[in-house]
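Chains as they are written, first to last, in the numbering used here: chain P, 1 to 422; chain S, 1 to 751; chain B, 1 to 157.
Think of the hints as simulated: they come from the structure by calculation, not from any bench. Remember, it's a predicted structure, so these values are computed and weren't measured experimentally. Cβ coordinates follow ideal geometry from the N, Cα and C atoms, glycine included. It cannot be assumed that every hint is accurate.
[Stated by the list, open to error] Here's a subset of chain B near chain P, in silico, CB distances under 7 Å, partners left out:
# : residue
1 : Met-27
2 : Ser-87
3 : Ala-131
[Claimed, not checked] Pairs of lysine-lysine residues, derived as BS3-like cross-links and limited to a Cα-Cα distance of at most 25 Å, are as follows:
# : chain 1 : residue 1 : chain 2 : residue 2
4 : S       : Lys-175   : S       : Lys-207
5 : B       : Lys-16    : P       : Lys-143
6 : S       : Lys-394   : P       : Lys-184
7 : B       : Lys-120   : P       : Lys-360
[Claimed, not checked] Stretches of chain P that chain B covers, calculated by requiring three or more beta carbons in the stretch to come under 8 Å of a beta carbon on chain B:
#  : segment
8  : 127 to 141
9  : 171 to 185
10 : 239 to 252
Here are the chains, one letter per residue:
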Amino acid sequence: MNEVCFKNLTKDQCWSLKVYEDSGGYSAWRKILKGELTPEQIIDELKLSGLRGRGGAGFPTGLKWSFMPRHSNGQKYVVCNSDEGEPGTCKDRDILRFNPHAVIEGMAIGGFVMNASVGYNYIRGEFMEPFKRFEGALEEAYKVGLLGQNINNSSINFDLYTHLGAGAYICGEETALLESIEGKKGQPRFKPPFPANVGLFGKPTTINNTESFASVPEILRCGGQWFADIGVENSGGCKLFSVSGHVTNPANFEVPMGISFKDLLDMAGGMRDGTKLKAVIPGGSSTPVLTAETVMNMTMDYDGIEKAGSMLGAGSVIIMNESTCMVEVLTRLAHFYYDESCGQCTPCREGTGWLYRVLKRIIDGNGRQGDVDLLLSIQNKIMGNTICALGDAAATPVESFLRNFRKEFEYYIKYRKSMVKG
Amino acid sequence: MIDININGNIVSAKAGEMLIVVADRENISVPRFCYHKKLSVVSSCRICLVDVEGAIKPQPACSTPVVHGMKVQTQNVKTKNSQKSVMEFLLINHPLDCPICDQGGECELQDVAVKYGSDISSFSEGKRVVTDSDIGVLIQTDMTRCIHCTRCVRFGVEIAGIMEMGGTGRGENLKIEPFLEQGIQSELSGNMIDICPVGALTSKPFKYELRSWQMNSIPSIARHDLVGSNLLVQPYKGKVKRVVSADNDLVNEIWISDRDRFSYESLTHKNRLLKPQIKVQGRWNQVSWEVALDYAVKGLNSHILNHQKADQLGGLVSNTATMEEFYLFKKILTEVGCDNIDYRLNVKNLDNTIILDSNIKLDALEKIDYALIIGTNIRLEQPMINHRLRKATKKGADVDVLNVMVFDFNYSLHTENIIAPNKIAFILAGVLKSIMINNGQELPDYLIAINVDEMAKNIAYKVLNSDSSVIILGEHIINNVDASTIANLVTKIAQSTNSRTLNLSITANAIAANLVGCVPQNSGMNVNTMLASDMRGFILLDIYPQYNFHHLGAAIKAFEKDDTFVISLNSFKDDIVVGYSDVILPIASIYETSGTHLNINNDMQSYIAAVKAPNEVKPAWKVLKVMADLLELPGFNYEDSTQVLTEISYQSHVSHTHDINGNLASYHNGISVIWQNSPYSIDAVLRHSRTLQKTKIGQMNNAYMNQTSAKALKVSVGDKYLGVFVVITDAVADNCVFINTNQTINIQGQA
Amino acid sequence: MISIKARNQIDVWIAKYPKDRQSSAVMQALKIVQAENENILSASTIQEVADYLDMSGIAVQEVATFYENYNYKKVGKYVIRFCHNISCMLNGADDLIKHIENKLGVKTGEVTLDGLISVKKVECLGACVGAPMFQINEEYFENLTVDKIDKIVDNLK
Ligand SMILES: Cc1cc2nc3c(=O)[nH]c(=O)nc-3n(C[C@H](O)[C@H](O)[C@H](O)COP(=O)(O)O)c2cc1C
Ligand code: SF4
Ligand code: SF4
Ligand code: FES
Ligand code: FES
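With the hints as constraints, model all of the structure from the sequences given.
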């Protein structure tokens, strides 16, 4: 446990340059500066490691980095996505607070591999403590000459800046994030073109999640194979899981991929007050909800969770016990997507509000016969028809909650009260 | 080229083209709201989703690049289902009161709903109500109908060059609006009406008047500038109700200026002249056409022709007439033996005029890589030409400006040089000298003493180093002390650098007037000589002296003289015209007559009358023809204006380059006044366009000068100079007053 | 007018972006200007930011109304942003929000009479393992209970 991003978690001042360097930090970057590692070697190591994007989509990081036109002329950028805002997700905040140098080193390495001399870390506007930590770490790194122009006479340049958000979940979507850095509304762009060709300020850009970047230095230090061996097939390494909800000790746990759900639940101290498990959202609010029966034999890796009928997402495990009213939870989630839709595309702008209003009237005791089917039909009209994945993310919970807990909704409509809470 | 398969048919396409472009070319219908061929793609409305084989999700045709072998279904169940879903989402918050909407009948949403929509019964929440913002006098908003396609927003950013509309808020609260009710100011704003797919943005002057299907659309040509934008004039019951743009990529693409869109309002102005009138013994009588024409012809005969004094008759015409009218006007005069003809009313000194070719086409303008603009507020004076230049700058062209004042450009300039009117020739001489030295050409005498300064050097460098450049000369130069020298220098610079030139010192239909030869014939008098001579009579076509003439005091005096017989053909009542005329004949205005406009491309664009002129008003060409008949002149047996046109022989007007002499190295002294009618006051039609006059551009009315000039002229802020309020600003060059006004020219001011 | 101090702060952000990309600093510029104007943005401050960054007023207005961290109505000296999203809700956020509303005598979205505190319900703040939680101005407070809230709020001056 806690072998990569959280390696120094228990140490005093774990965010300091000293603690980081004492545990081998910046050794990969120094090797690069000495000319001992080539971009190709790094990409090979990353591919070997099985590291997949930790922001939610799980795209193999080594492969993504290899897509950048590194030999093309002109400016290129690396961008770190620290806009963490998906309900249930709170791991990047801790990485920024407790291990900011790993993010800096990971981004610098990315910059080198993709021939990008400038990087931005987009930190969500509310994360002022993490922002200050990260800025402090940047200052330390600049001071000792690990960043800047012609670093250590290596002719390698890398400047890293933070950009602060101002409160919009959608900016976590990578192209909305680029728009936001450009000083615009965070409205996702349609693709193609992909950011690797037309990204920030129109230049080739690669965006990765905070945890993805923070994992890179340790992979290069200990080897891709080492990382791959920690996890299981298709899911290399370890991963941070944010376990929240009705557990005794909610927390972030960095554990090997493939660990069983039961073990993870035990780490979190089991169900709070001995209550019974009812449902789990395994990867953040956008991933389908699973029932207690389906999760019991689930392993916590990409394939394992998919087999159970959901997605690993950002590793945000939300645990619900039997006292939970699923109608209430879904209404809250529907409100979230309604609130956070950027509004540019029709199905999401109009559909998220419609979903929320139908759920709201059910909760308010004004549900109508046929509302369950109506909800299903609305989500179906959103699904697959939008510019970005927020549309699908809004539709997914509706579909999965109704599939798994339809009775509760029908009860609420019929009796105008919660089946669980009365 | 690649092949793709749409609905089972193989069609060829360019790799990387968007699917919707291919479909449009093949006439395969794909619905769209946000997509517009002249705007960037945002792919946000999602109505164009189609089924592409191999893709799990339906793909938006507007943003999906085609690849070889792609198989697309635009009609199958999957496509239909996505389009129906999107339609349903669009309609849940859209009012379904099409019968009362101004866009009814020409609403893209309504069209698609009928074709692709599903029933919309499942939504039972209240509809979103959006408060409207007042965005100015030209455009009416009804934002509850807005479908957030952002065409209007992109129009502002990409075409008008100023972001005026935006989308505020997010999600369901996304609202399309301008910043703080400050209203839309662009000179091209009316195009938003044309591109808004629904009834959210409609024409304010047209509001609630009619449904579109009640009107015909008659193709016509815009008359207010040198472009001749293509239009559709939409009349109902004999009145023009609306003007919209018509496509012509070589002329105006799909855009028109607000000036061209809204000037039709003048046709119903209460000041229209509706009846012929004659002045008998100092008293005006409204009479029939027969009586009026008889009076006019008798007057001509008794005052002039019977005495063989045709050399004391003058014919003056404004640049607004049709090509046929110019021709008949000149023909009548020459037939009665009169050589005194002119249309160049606003030129101070006709020995010092601009002679310059226009030798670049409108669509080529957007492909230039460099432009030098001299003496024009081009954005407001020639909006459509400026639009082409703006497109060129977006592709990387550099633009240098030599102006007497800082004007608002909607693209960034390479350099903006503000220089006194009396130094422009000197700078251009420096440019020419620098170029000739560079080319190793021998310098003519007049350049030897010229000092080449940095500004001239920089401009010379740009002209020399661009592949396709254009030099544009504008209206502010016409009365420059060095006008003809400036034009000649421009020609020489262009010749030594292979540049094109564009003469914007004239406008409206002046090119036609010039080509037909509405200028002094043989040894006839020009306008200024006529005004200074003892004339027995004038025929005046569409003349309002207080706006038209440089020497207006002299003009009015010449017309007013007791024994001078004046026949005026006008469309609007005017006290000054009444004051000096003996006969006033009411003539048709724009859209009421057939005719031809000759634009800067040398396109002869003919149009028919879209409506009949009101009451007893007659087209000027007919009036001229009947006058000729009454004068018993041969060769006027025309039945319609097209017969006139076929008779016109196009003898190109001589345009030779004068030699440049005089001492360019020393400037003329004194403060020059540049009097420029504001863009919505350049002709009588515009001056009577109610709504245009209320816009910010319509209200432009100031005399701009810097502190030094103000001191020299002993005026300060709040004072009037030549009747116009003084604004003191650093934006104006030394030794210059720039007047932009919607007022009449001040009589004392213009000697 | 944007103060010299605020200009200097904005300039620090502008320096992070490529030349002619000063509009990238708009989000921070708005925050900085808002902080100087009793935590409220007005049309005139938006116009000032637009002028300073060479943007059109409406482009800045778009940004200023898209993101959630800008205010147009009076807020307290202390803004309590209470997360009511899923993990916090599962841990009793709704009851705690009611508690704080009763305690302060205001509803969410309102400001206390003395202008000291306003309460707002917000979406997930990314501290779900510390649920229930809220943010007061820049600071996070996690694992809230009635007692803990009372202590924190009573200490606000
Ligand atoms: C609505 C939405 C919100 C997202 N939010 C985040 C986020 O907060 N953090 C993040 O890293 N990725 C987020 N993503 C995923 C990013 O678009 C992107 O896939 C990711 O940053 C790529 O990094 P990775 O390959 O390292 O995972 C979001 C995606 C969507 C559609
Ligand atoms: S799906 Fe929603 S959030 Fe994504 S682009 Fe469309 S409207 Fe914006
Ligand atoms: S006003 Fe018209 S053009 Fe503008 S976004 Fe709305 S529907 Fe589109
Ligand atoms: S036309 Fe393609 S998404 Fe709007
Ligand atoms: S749900 Fe409250 S912080 Fe995430």
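Checked hints:
1. Met-27: Holds - the Cβ of B/Met-27 comes within 7 Å of chain P, reaching about 5 Å at its closest.
2. Ser-87: holds, 4 Å
3. Ala-131: Cβ of B/Ala-131 sits 6 Å from chain P, so the hint holds.
4. S/Lys-175 to S/Lys-207: Distance of about 22 Å is within 25 Å: holds.
5. B/Lys-16 to P/Lys-143: Given that 25 Å is the threshold and the Cα spacing comes to 17 Å, the pair holds.
6. S/Lys-394 to P/Lys-184: holds, 20 Å
7. B/Lys-120 to P/Lys-360: OK: B/Lys-120 and P/Lys-360 at ~20 Å, within 25 Å.
8. 127 to 141: It holds, with 3 qualifying residues against the three required.
9. 171 to 185: holds (count 6)
10. 239 to 252: Since three or more residues must qualify, the claim that chain B covers the segment 239 to 252 of chain P holds, with 8 doing so at under 8 Å.
Comparing the model with each numbered hint stated earlier shows that all of them hold.
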